[in-house]
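Participant: For this one, chain A is given, so just place chains B, C and D on it according to the hints.
Protein chains: 4
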Amino acid sequence: MDPEAQPQVTWRPGDRITSAADYRASLRGRDLAVHLMGERISEPLDHPIVAPSVNAMAATYELAEDDPQLASAESDLIHAPVNRFLHVTGSADDVVAQNRMQRRLGQMTGTCFQRCVGMDAINSLFSLTYDVDQGTHSGYHARFTSWLAEVQRQNLVIGGAMTDPKGDRSKSPTQQHDPDLFVRVVERRSDGVVVRGAKVHQTGAVNSHWMLVMPTMRLAESDRDYAVVVAVPVGAPGLTYVYGRQASDTRAMSQQGIDVGNACFAGQEVTVIFDDVFVPTEHVFMDGEWQYAADLVERFTSYHRRSYVCKTGVGDVIIGAAAQAAEYHGVAGASHVKDKIVEMVHLNETIYGSGLASSFESFQRPAGNFENNGLLANICKHNVTRFPYEIGRLAQDLAGGLLVTLPGEEEFDDPEVGPLLDKYLSTGTEIPVEDRRRILRLIENMTMGRNAVGYLTESLHGAGSPQAQRVQIARQADLSDKKAMARRLAGIPDHH
Amino acid sequence: MDPEAQPQVTWRPGDRITSAADYRASLRGRDLAVHLMGERISEPLDHPIVAPSVNAMAATYELAEDDPQLASAESDLIHAPVNRFLHVTGSADDVVAQNRMQRRLGQMTGTCFQRCVGMDAINSLFSLTYDVDQGTHSGYHARFTSWLAEVQRQNLVIGGAMTDPKGDRSKSPTQQHDPDLFVRVVERRSDGVVVRGAKVHQTGAVNSHWMLVMPTMRLAESDRDYAVVVAVPVGAPGLTYVYGRQASDTRAMSQQGIDVGNACFAGQEVTVIFDDVFVPTEHVFMDGEWQYAADLVERFTSYHRRSYVCKTGVGDVIIGAAAQAAEYHGVAGASHVKDKIVEMVHLNETIYGSGLASSFESFQRPAGNFENNGLLANICKHNVTRFPYEIGRLAQDLAGGLLVTLPGEEEFDDPEVGPLLDKYLSTGTEIPVEDRRRILRLIENMTMGRNAVGYLTESLHGAGSPQAQRVQIARQADLSDKKAMARRLAGIPDHH
Amino acid sequence: MDPEAQPQVTWRPGDRITSAADYRASLRGRDLAVHLMGERISEPLDHPIVAPSVNAMAATYELAEDDPQLASAESDLIHAPVNRFLHVTGSADDVVAQNRMQRRLGQMTGTCFQRCVGMDAINSLFSLTYDVDQGTHSGYHARFTSWLAEVQRQNLVIGGAMTDPKGDRSKSPTQQHDPDLFVRVVERRSDGVVVRGAKVHQTGAVNSHWMLVMPTMRLAESDRDYAVVVAVPVGAPGLTYVYGRQASDTRAMSQQGIDVGNACFAGQEVTVIFDDVFVPTEHVFMDGEWQYAADLVERFTSYHRRSYVCKTGVGDVIIGAAAQAAEYHGVAGASHVKDKIVEMVHLNETIYGSGLASSFESFQRPAGNFENNGLLANICKHNVTRFPYEIGRLAQDLAGGLLVTLPGEEEFDDPEVGPLLDKYLSTGTEIPVEDRRRILRLIENMTMGRNAVGYLTESLHGAGSPQAQRVQIARQADLSDKKAMARRLAGIPDHH
Amino acid sequence: MDPEAQPQVTWRPGDRITSAADYRASLRGRDLAVHLMGERISEPLDHPIVAPSVNAMAATYELAEDDPQLASAESDLIHAPVNRFLHVTGSADDVVAQNRMQRRLGQMTGTCFQRCVGMDAINSLFSLTYDVDQGTHSGYHARFTSWLAEVQRQNLVIGGAMTDPKGDRSKSPTQQHDPDLFVRVVERRSDGVVVRGAKVHQTGAVNSHWMLVMPTMRLAESDRDYAVVVAVPVGAPGLTYVYGRQASDTRAMSQQGIDVGNACFAGQEVTVIFDDVFVPTEHVFMDGEWQYAADLVERFTSYHRRSYVCKTGVGDVIIGAAAQAAEYHGVAGASHVKDKIVEMVHLNETIYGSGLASSFESFQRPAGNFENNGLLANICKHNVTRFPYEIGRLAQDLAGGLLVTLPGEEEFDDPEVGPLLDKYLSTGTEIPVEDRRRILRLIENMTMGRNAVGYLTESLHGAGSPQAQRVQIARQADLSDKKAMARRLAGIPDHH
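Residue numbers (this note's numbering), protein chains in the order written: chain A, 1 to 496; chain B, 1001 to 1496; chain C, 2001 to 2496; chain D, 3001 to 3496.
Chain A extracted, bound-state conformation:
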């Protein structure tokens, strides 16, 4: 649990990243323009607010080392094992394996480990560039796979960048008062394109090596310049990163760390501004094919909405924390306590079931890769927008009022006040009061602190807000079939 205690690292740019230590090394010296709390922070991974998010991403490397079967796969592109987050799915089992890996990482970190967007983006683009090629002979697919093969070789982190600011939501990109409210190509050169705009809500951007920039919604012909997919190095000139401020984030600056709740791990949300960023042709995977934007978004959200089973791993942690708190409080045997834990498990596994079923029900795209069932993916995500809130409420129920009245660590460390607090918070058992404090601070962290962002609000809005799922469910539900079934059983003839 001391992620900074790393061996000597000799990694250099271009080398394959072979460990979490290499990964950390790879983030140094990039001179990114990252703004946080009024400062441009030179090495984000050294900043106490950023570091926990680097740790969470690093866990994706650690798991690949510790459990390669779970977190790596054989790539058809480079004919070598690659981190599963960089793998193009070759079977339904591969799609399912993503879910198992996501749950495990949720359990390990208790937060968002930020690498799923890239995984889902490469799988969407793998099939989409292939399909675009069929119609347009664009050559995008070859470009894309060539780029991806190199990323696999170096074992890099890809972030996906989809969500534009959108301005006035009732207007299309070209109708906005400012044409930059969606990312667009502002110049086409012989050797590449120049893009401008911003992407908001970017998960793990600063911890990535590449960003895959994609359009965020269905486009019309007049939006042609907005139909752009490019890969951009995170350190490319013209990029500015503004770090979001979240609940209780400054707790990570405390020394001892009990009150942080989860001392090692947190998510990361950044606003990224593209101030005329040049992208060479070899990294342009769509430019102007507006007809395919909706399809790309649908494929991506299909993968990504089922990726939210990661929250069941986080759910395992919060259920465990609540059960542990009840045990520390001496009430683990009460029937209502046991019943609440069953309810939490039931809700958590219901999410898992719908996500897993979506992955199992995968089908093969003409490009050869496998894609999960879209309807069930939306069902999964829609459950994710509801159940974590109820799980969180039940965790707070089991935690008790001390969750929000607990004195801070300085008071417990105070020679005069500390012993009094220890005296009065003792349950007379061998459970140290510090352990009770730690578990309560973890539950606070996950339900109203820094990781509530990932467990609750991101569960609501990530991969599309609830209404986006409802729109998709309506489209995919095949109501005419269902109505025909009903008419048949009701004995209504087919005269309509």
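Simulated coverage check for chain A against chain D, where a stretch passes if three residues somewhere in it have a Cβ under 8 angstroms from a Cβ of chain D:
1) 153-167
2) 174-185
3) 396-404
4) 415-421
5) 426-432
6) 452-460
7) 463-473
Below 30 angstroms or equal to it, Euclidean Cα-Cα: the simulated BS3-like pairs (lysine-lysine) are:
8) C/2171 x D/3338
9) C/2166 x D/3338
10) A/423 x A/338
11) B/1166 x C/2338
12) B/1338 x A/166
13) C/2338 x A/338
14) C/2423 x C/2338
15) C/2338 x D/3171
16) B/1423 x B/1338
17) B/1166 x C/2423
18) D/3338 x D/3423
Calculated directly from the structure, the hints in this document are not laboratory data.
As the structure is a prediction and not an experimental result, all values here were calculated from the model.
Using N, Cα and C, we set each Cβ at its ideal position, and we do this for glycine too.
Facilitator: Relative to the frame of chain A, chains B, C and D by itself:
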């Protein structure tokens, strides 16, 4: 939709049943002691209350003919295709295929088609008799497979008989005031055993050819005589069947049938009394091995709780009916109507997802067959105890108040009153008022009439009542793992 | 519990009704055109399907005798005590007293006692006719109170008739393909008007003496002929009544009655057709004042949506039945059983709280009578559209599977089968099996049988379907105030 | 909204507090031992983390000035108007008025204003000391009213101190490993008593003038020393206050304050340690009467559980904030947005209804004061443990993902980054980006920041955790009545 319009049938006892018509023929002439409405009914399938349940069972034969890939499978026992309801699962895909078939049959019938209990029972016993043999050299497995092979050859219906009356629920079988409140062996002869007792809530018993009698719960050593598994022909001497009376069941006696709602299909629930029924040794698959009773029940309920995805097929019908009603009423475009349909679909697919995931996550038993994931099966069934009620409520919402104030068919047929009703219930469109009536009566049938039994109450209590699932979820949730995850992230050392 | 065992009755038309026996007598000899099951039934109160609804209405007379403080009040119109259902509210306490009486009658009957619509209609019209008079000098208020005084003197039942068939819901009355789809004045004579049309979903119509016909929604100037309020005797020439067919209604025709569930009481829903019914001027309380239609509907639904606290009385019965069933089954002490009962009570009292609060928060109209708070009335009714379904689900949970597999009373009475059933359904206690059967049939009656109509579907649609409440809640919520509060606390200046 | 901009204050100890400014002055110079963030803070009201809680309490004085009818009442003790928080209820209307005042203060502050515990404590003790006197001639009632009269005269704040640490929850006070885990009398002197122990979760303690110390649960005879009720000045020697650390509390230390969300108001939760505090006899209102402890707790929780309608005032703010955010985002007209706001209002008013009904249904105690209905109070509070979480979830839904990815105010103020952020977060309307930020930070504050403590977790645990309400609901539901109603309707004779 006229299931009785059948070709000439030449089936004779012992022949393979090759069609729904054969199946109907096989039910005739058995002289069962079936009691209903104060009568012993000679040919149940001719009774208007029973006939719809025969039709539902017959659909399992029809589907095997119409879609053999879905509803049949190659048997390793007889090396020939068999109805999937008689098949021992040879892969996870086989387990999944059961779910797909169940949903389809739910869509076709809008009710309980009654054949899942037998399917789940043979799969449980296939592995359990094998495991019992390992410990006891009982030879049960060979006996069981030999019997099953013959049933497969003849393509018969097996009903599973598990639920004893239980008497005082706080007492074990031997502690009851009457030792017969659980089925037991009352005599052991050289050539077989004699069993006495009753089984309640028997689904489709009268429509079956064989009953597989099994214990209903964990047994103690003193309950040895109750640890009995036998196969009994439905027509065996000593068996009495008492048909249950259900909501609106007499509507099936009307002539025109609009008010029945679902004119063709219904479920069947029977109380079966075993008045010293003799079972030859070759049909005895457990006798006294009380230690295995709990395991058998757990295997059976694991299969069976995920079999409740059949209700998503029924759910498809009710969703379709509600959508159709809204369309007939002219309100299909209202945003709240569309939103309610999305909610219904969401709940229905959530059930499907958890069931399907359970089946996909199957593992192989030493006997060779595959069994689904127990935790997810309980999750599936637990959702089934909740969501159909909400789906039903939403269907009633979309149906409107006419659902419960609609005049009866005699009034619509009345030369004086009928035209007035048609005048006042017209919406001015081409939709005949009769179609509106039919769809409303179908929704009534499924939410408060005869098939509400299957869609609602059986969803609650079949395969174990809600609390039974909660007990299993508590046992299978692996809380100690979850607590360890939480302690690790909270920084709590492993001193406990 | 033998409501037919009545003393000698000497009541004659025009006499004051002084007892339930008088009330029954008053229903005889009216030669109403009531159609049910293909017959015109001469004396509805003698028909086994209708009789239970007469009993429920009669309970409103019995309660006024047995507990006059609860169910009667001093009328300012006739300066004598009147049945509270005929009373114009003189204080907030009067409005609250209606709720207490409604709950009590729900407890007494376990169903809809059908007299609230009239009570809410007279209170709405009392103030509305007054307000119309202020603008139009119509004299409606005097006419109305004069008529009402006479009804009070005779202690008659008033039914309210509001819901028109509506045809195509996207069209106004005059836009329909048939102008009769809303009740309207088709002829104006010197001494009165002639009305034509129909009213659907009429609760208790056949059991009433008068119907107050009112428009069902907001009207436009072109709908002037539809803006009509009249009082019509139930036996007026030109009226046809078509009785609705409901779940399990024919059970009431069985002799012994155990399987009916609730042998004495049920609701009544009728379609009423007005085939050119003449109404003398003295009974016309609105004719053409289309501007007031929306206001009348709003006042009526405000009263009536809070009248649905009657369902908490029915809820008391179903909670009691579930608790009794659990006790009979021997599981009353299980913690999950106790917890489910608490949940049922919680939901039931939540409904009661919102209804009661609405009544307590009454305000005085210029006419002098008191009207409850509209927002809270909508809240109350909206809870009623949800909670009874969950209460019903929990009742079915506690009832167990026997609820839907229980044999019929003929089988229990059968000399051969009956003793076997009694043997196997015994719990070894002193509880007779018949008592268990009775309580299960009552729960069946209330959750999927005849009184499920009143407890569930009518809870959904009566006094307006769920969406109607949401529209009203949106209008009455005063969002601009709430937004201002938020802006103030967020420190947003008032520049908008 | 600048609560510190106060006129010159001349208040001196002993003077009547006549304004919020006087109140602030009264908190100065008390030299309390308050510990927070490793320091003993000399003047809490000057500490940026404490100040917002002082402002919230001060609002109770402001409202009494601005709307005396709502927030003050005529006292029978001093025959003068007093702040309603100090008033002994003289009618059901008085009890209802408390609810109206609480909602208004919730709307004004968006948080817990901390003065209800004292109000509910004085009303409970007013009747309880009277009842104790009847049995014991203790003279407590006279002592209590004498003290209260003086508090009314000076217009002071009373905090109620009930919740002991409790140690091992399966043990009584005397069975604990440390006898101090419940507050107790450790010494009885001729002129008073000495108490020792601690009270946790003390709301507003540091902002009060007096604490009313009460036992926390039912006591046995052996717990006699724990049956103690005393009034203690907040500045009494021997008292130590340890301030709790809550989510995002340090945001209050920022200068500009946009990111605080609610710049002015917050709650306060403190652990209070009683290190042998002397209490003179005149302030002892119970000492040893263990039989009355349960009754006192029940009266207090009855008042207090209905006091949680304050959360509907906070709910008004969060609903307003969500509606405002939707408007700023340009989506206020979307049907799903409007529907979610209706749902929030519905849930909020459902809470209000149950609380209000409880108050309206008040009864008079022999002491003369009025007490609300206990069952409905528990219903109200139980809804409070559920609905604010769903309201909060819906508010986050309407707020959008920006809620948790928004950059901090330093970045918006940065001359380089700020304009970029303003450019990209513009919606092209006249809505300043700063207003959007402010409303989002308010929603963050209320759902996962500092005031989430009051709106969510305190809603769960204050006045007793959910299970405490369920226990009371079970006791107050009168199941035997309900069972009798069911048996009667089922036709079950009274042989049991």
